[in-house]
Structures are given as structure tokens and as C-alpha cells.
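Engineer: The listed protein sequences derive, respectively, from chains A and B.
So for the first sequence, my numbering puts the first residue at 1; every next one is plus one.
So for the second sequence, my numbering puts the first residue at 1001; every next one is plus one.
Calculated directly from the structure, the hints in this document are not laboratory data.
Where a beta carbon is used, it is the ideal one built from N, C-alpha and C, also for glycine.
Take these hints with a grain of salt, some might be off.
[As the list claims (entries may be wrong)] Here are some of the chain B residues that sit facing chain A, going by a computed Cβ distance under 8 angstroms:
1) Gly1042
2) Asn1052
3) Leu1061
4) Arg1093
5) Val1094
6) Phe1101
7) Gly1104
8) Leu1110
[To be verified] Computed from the model, here is a short list of chain B residues facing chain A with C-beta under 8 angstroms:
9) Lys1026
10) Arg1041
11) Leu1048
[What the hints assert, rightly or not] Below 27 angstroms or equal to it, Euclidean Cα-Cα: the simulated DSSO-like pairs (lysine-lysine) are:
12) B:Lys1069 x B:Lys1098
13) A:Lys78 x B:Lys1026
14) B:Lys1070 x B:Lys1056
15) A:Lys24 x B:Lys1069
16) A:Lys24 x B:Lys1070
17) B:Lys1103 x B:Lys1056
18) B:Lys1026 x B:Lys1103
19) B:Lys1070 x B:Lys1098
20) A:Lys78 x B:Lys1098
21) B:Lys1026 x B:Lys1069
22) A:Lys78 x A:Lys68
23) B:Lys1098 x A:Lys68
24) B:Lys1069 x B:Lys1103
Each chain is listed here by its residues.
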Amino acid sequence: DAGVIQSPRHEVTEMGQEVTLRCKPISGHDYLFWYRQTMMRGLELLIYFNNNVPIDDSGMPEDRFSAKMPNASFSTLKIQPSEPRDSAVYFCASSFVGVGGYTFGSGTRLTVV
Amino acid sequence: SQQGEEDPQALSIQEGENATMNCSYKTSINNLQWYRQNSGRGLVHLILIRSNEREKHSGRLRVTLDTSKKSSSLLITASRAADTASYFCATARVRDDKIIFGKGTRLHILP
């Protein structure tokens, strides 16, 4: 298995633009998580899905952020419009219930200028 | 808000020495996990210890859990240069099983 795959690895965009981050979880995993990592706030859980259904989005900072999981093999995190304070590394992770432990992707480093 | 808090924030030791990192948390947990993150990479799961376990080993890693003190420690024995990384504890809360990460300990192994 190739692991959790995220794209793009790096994204530089101008303030106000729409940004879409993508994630392909490990086949067979039934949970998918989106995290944001910054020096100031550490790793923050934004949203997670179970069997493609959003379970908890209380960590999504504001309405500019949205996430979807149309099927078991794909999820997106969208920021519209983007702002400089959204600059961070965004991680996707997946897991299988009962096994414990998350498998993380390599992350997307987002820079909003 | 952070559930787990690692201590120390940074640690430098000589290669071959043992490294100990601690984690404290606030609420009741189902399990506690430790992860490693190399610079510019994603997190890698190292070990999971359940709330009814007190100690667990995996290779050069030893994890202890004291639920009465709400604390855990990660011991890396015979450290190597490749162990240089940030180490995070993550706790799965009982009330919603949500996993919350601490801010990590930056470990630097000196040659």
C-alpha cells in the first residue's frame, strides 16, 4: 500500500483565492482526519469522517473552510477565500477502527501571500 | 485546547544515551499514542498503550502510563542520530474518542 497520499505537497496562493487540498486514504480504512499544524498552535484536528460521513467538524476554524468525502478513497479540504493566517501544513490521516494509530500523509504546505 | 502536554519542549543528548520524554493530560482516556515526526514529514505512529495497560515495549521504545497521575513517558534507549525528530503524544478521550495531540518534544541526538 502506498500509504495516505496528499496533493499538492506545496501550494502558494494569493489572498482571496480558493485552495483545494486532496487526500487519498489507505484502502480499507474507515476513518479520515484532517489536521492543521502551525508552530503556534501545534496540531489541530479540523474535521473527521467515518465511512465517508462527517462526524465532527467543530475544529473547522470558520465558514471559509469546508471538507468533503464523496467516496471511501478521496477527500478534499477547501478554503475559500484564503487568508495569510491560513498558512500552515495540512495533514490528512486515516485509520481503521479497532486497530488504533493513525497513518498520516506527508502533508500539504500552504502559503497564502 | 491541547489535551496532552509534552515535557521537555526540547531535549539534546549524546548518541548512545537514553532519552526520556513525558506527557501529561487532563481528561480520562481510552488510550495514549506516541508519534514521531521528522522535519518536513508527516507523523509516524510509534506505539499505543491502552488505559488498562501500565507499560509497553517496542524495540528500543518503552512507554509507561500512569492513569492516576494522568501521565505517560516515552523512553528511547541507546539513541541514534536517526532518532532526531519531534515526538508527540496523542490521547483518545473517553467522552468522544477524539484524538488530541500535544505540541511535542524536539529531540536532537548529538554525534
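Engineer: Does each hint hold? Answer for all of them.
Structural biologist: The hints, checked one at a time:
Given the 8 angstroms rule on beta carbons, the hint for Gly1042 of chain B holds: about 4 angstroms separates it from the nearest Cβ of chain A. Checking Asn1052 of chain B against chain A by beta carbon gives a least distance of about 14 angstroms; that is not within 8 angstroms, so the hint is violated. With its C-beta approaching chain A no nearer than about 13 angstroms, Leu1061 of chain B sits outside the 8 angstroms limit, and its interface hint is violated. Residue-level restraint check for Arg1093 of chain B is violated (minimum Cβ-Cβ distance to chain A is 11 angstroms; threshold 8 angstroms).
The restraint placing Val1094 of chain B at the interface with chain A is violated, with a minimum CB-CB distance near 15 angstroms, outside the 8 angstroms limit. The beta carbon of Phe1101 of chain B comes within 4 angstroms of a beta carbon in chain A, closer than 8 angstroms, and the hint placing it at the interface holds. Residue-level restraint check for Gly1104 of chain B holds (minimum Cβ-Cβ distance to chain A is 7 angstroms; threshold 8 angstroms). Because the beta carbon of Leu1110 of chain B sits about 23 angstroms from the nearest beta carbon in chain A, more than 8 angstroms, this interface hint is broken.
Among the interface hints, the one on Lys1026 of chain B is violated; its C-beta lies about 15 angstroms from the nearest C-beta in chain A, farther than the 8 angstroms criterion. The beta carbon of Arg1041 of chain B comes within 6 angstroms of a beta carbon in chain A, closer than 8 angstroms, and the hint placing it at the interface holds. Taking 8 angstroms as the C-beta cut-off, the interface hint given for Leu1048 of chain B holds, the closest approach to chain A being about 4 angstroms. The suggested pairing of Lys1069 of chain B with Lys1098 of chain B holds, with an alpha-carbon distance near 21 angstroms, which does not exceed 27 angstroms.
Proximity of Lys78 of chain A to Lys1026 of chain B is assessed by CA-CA distance (about 32 angstroms); at most 27 angstroms being required, the pair is judged violated. For the suggested pair Lys1070 of chain B and Lys1056 of chain B, the alpha carbons sit about 16 angstroms apart, so the restraint of at most 27 angstroms is met. Annotation: proposed proximity of Lys24 of chain A to Lys1069 of chain B is violated, straight-line Cα distance about 39 angstroms (limit 27 angstroms). Between Lys24 of chain A and Lys1070 of chain B, the direct Cα distance comes to roughly 35 angstroms. Violation of the 27 angstroms bound is thereby established for this hinted pair.
Distance check on the hinted pair: Lys1103 of chain B and Lys1056 of chain B sit about 22 angstroms apart at the alpha-carbon level, within 27 angstroms; holds. Pair hint Lys1026 of chain B plus Lys1103 of chain B holds up; C-alpha atoms about 14 angstroms apart against a cutoff of 27 angstroms. Restraint check for Lys1070 of chain B and Lys1098 of chain B: the C-alpha separation of about 17 angstroms stays at or below 27 angstroms, so the hint holds. Straight-line distance between C-alpha atoms of Lys78 of chain A and Lys1098 of chain B comes to about 22 angstroms, which keeps the hinted pair within the 27 angstroms bound.
The suggested pairing of Lys1026 of chain B with Lys1069 of chain B holds, with an alpha-carbon distance near 10 angstroms, which does not exceed 27 angstroms. Between Lys78 of chain A and Lys68 of chain A the CA atoms are separated by roughly 8 angstroms; this keeps the pair inside 27 angstroms, and the hint holds. Between Lys1098 of chain B and Lys68 of chain A the CA atoms are separated by roughly 19 angstroms; this keeps the pair inside 27 angstroms, and the hint holds. A C-alpha spacing of about 20 angstroms is found between Lys1069 of chain B and Lys1103 of chain B, which places the hinted pair at or below 27 angstroms, so the restraint holds.
Consistency note: the structure conflicts with the earlier hints numbered 2, 3, 4, 5, 8, 9, 13, 15, 16.
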